[in-house]
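A.B. asks: From first to last, the protein sequence lines are chains A and B. Per the numbering used here, the very first residue in the first sequence carries number 2; after that it's consecutive. Per the numbering used here, the very first residue in the second sequence carries number -15; after that it's consecutive.
Because the hints were derived from the structure by calculation, they are not lab data. Cβ atoms here follow ideal geometry from the backbone N, Cα and C, with glycine treated the same way. There could be a bad hint or two in this list.
[As the list claims (entries may be wrong)] So these bits of chain A aren't anywhere near chain B, every CB distance computed over 12 Å: (1) 9; (2) 68; (3) 70; (4) 80.
[What the hints assert, rightly or not] For lysine-lysine, the following PhoX-like pairs were computed, each having C-alpha atoms within a straight-line distance of at most 25 Å: (5) 84/A <-> 15/A; (6) 51/B <-> -14/B; (7) 51/B <-> 40/B; (8) 58/A <-> 71/A; (9) 10/A <-> 26/B; (10) 58/A <-> -14/B.
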Amino acid sequence: DGGITQSPKYLFRKEGQNVTLSCEQNLNHDAMYWYRQDPGQGLRLIYYSQIVNDFQKGDIAEGYSVSREKKESFPLTVTSAQKNPTAFYLCASSPTGTEDTDTQYFGPGTRLTVL
Amino acid sequence: QKEVEQNSGPLSVPEGAIASLNCTYSDRGSQSFFWYRQYSGKSPELIMFIYSNGDKEDGRFTAQLNKASQYVSLLIRDSQPSDSATYLCAVNMFQFGNDMRFGAGTRLTVKP
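Between the sequences and the hints, there should be enough to build the whole structure, so can you do that?
C.D. replies: Right under this line is the structure:
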C-alpha cells in the first residue's frame, strides 16, 4: 500500500530535550512538508523540501530542524530552543507532473506533549 | 486580514440536508483550492481540489469556485452523521510550486 507513515503516534518530551519525529512516504512524491496544528488554528508550515538535499524554512521554523537525505524520508527534530512544542505535527507530501500536482496528502500525525 | 478565512462554526444540519461550507481568501492570484476533512484527533484527508471557476462534483460533494469574488465553497448533499468533522479550506498561492495556506476550519455536525 502506498502512503505516508509517521512515528511515533504519541511522543512525550522533557524540558531541554531534543526529539525527532519520523516521516516516510512510498508515493514517489518529490515534495514533503511539516506542519504544526494547535487547537482552533489552521496548519502552520514549519519546513518544506522540494527535492533531496534541499529544504526551505516555513513560517515557524525557529526551534526546528530537518534533513532530506532520501526522497522517501523527511525527519523533523524539535529542539530545546522551541519554547512551546506541545502540538499535533503533520507531515505531508505532494506529487509533481500529475493531475493532482501540488496536492498535499497527509500522514497520520504525531502528537507531541512536553512534560 | 487572514489569508484564508472560514467560519469556525459549529455548523449543524439535520441528516439528509445539504451542508454548505464557505471560504474566502485574500490573494487574488491564488491558483488552486482544496477541501480537506479532519475527524477529531486525526489528520486531514483530501476531499477534492478545484482549479477553475465553476462547479466540480464528486459523489455527494460539490466544490464551487468564484475567483472574482475570491470565494470557494463546499456543498455536501444528503449529509450523514459520518460527515461530522472539521472541514479545512486550503489555497495554493502559486500555479507551480507550493505555497499552501490553510483556514482554521469549520466544524460540521450532522444530527440524526
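A.B. asks: Now tell me if each hint is right for this structure.
C.D. replies: Structure-based check of each hint:
1. With 12 Å as the threshold on Cβ separation, the claim that residue 9/A sits away from chain B holds: the shortest Cβ distance comes to roughly 14 Å.
2. Residue placement check: residue 68/A keeps its beta carbon more than 12 Å from all beta carbons of chain B (closest about 19 Å).
3. Annotated as non-interface, residue 70/A keeps its C-beta farther than 12 Å from every C-beta of chain B; the closest such distance is 21 Å.
4. The claim that residue 80/A is not at the interface with chain B holds, since no C-beta of that chain comes within 12 Å of its own (minimum 24 Å).
5. Taking the CA atoms of residue 84/A and residue 15/A, the gap is near 12 Å; set against the 25 Å cutoff, the hint holds.
6. Our distance criterion of 25 Å between C-alpha atoms is met by residue 51/B and residue -14/B, whose separation comes to about 17 Å.
7. With a C-alpha separation of about 14 Å, the suggested pairing of residue 51/B with residue 40/B holds against the 25 Å cut-off.
8. Between residue 58/A and residue 71/A, the direct Cα distance comes to roughly 18 Å. Compliance with the 25 Å bound is thereby established for this hinted pair.
9. In summary, the hint linking residue 10/A to residue 26/B is supported, as the alpha carbons are separated by about 11 Å, within the 25 Å threshold.
10. For the hint pairing residue 58/A with residue -14/B, the CA-to-CA distance comes to about 20 Å; that is within 25 Å, so the pair holds.
Going through the hint list in order, the structure satisfies each hint without exception.
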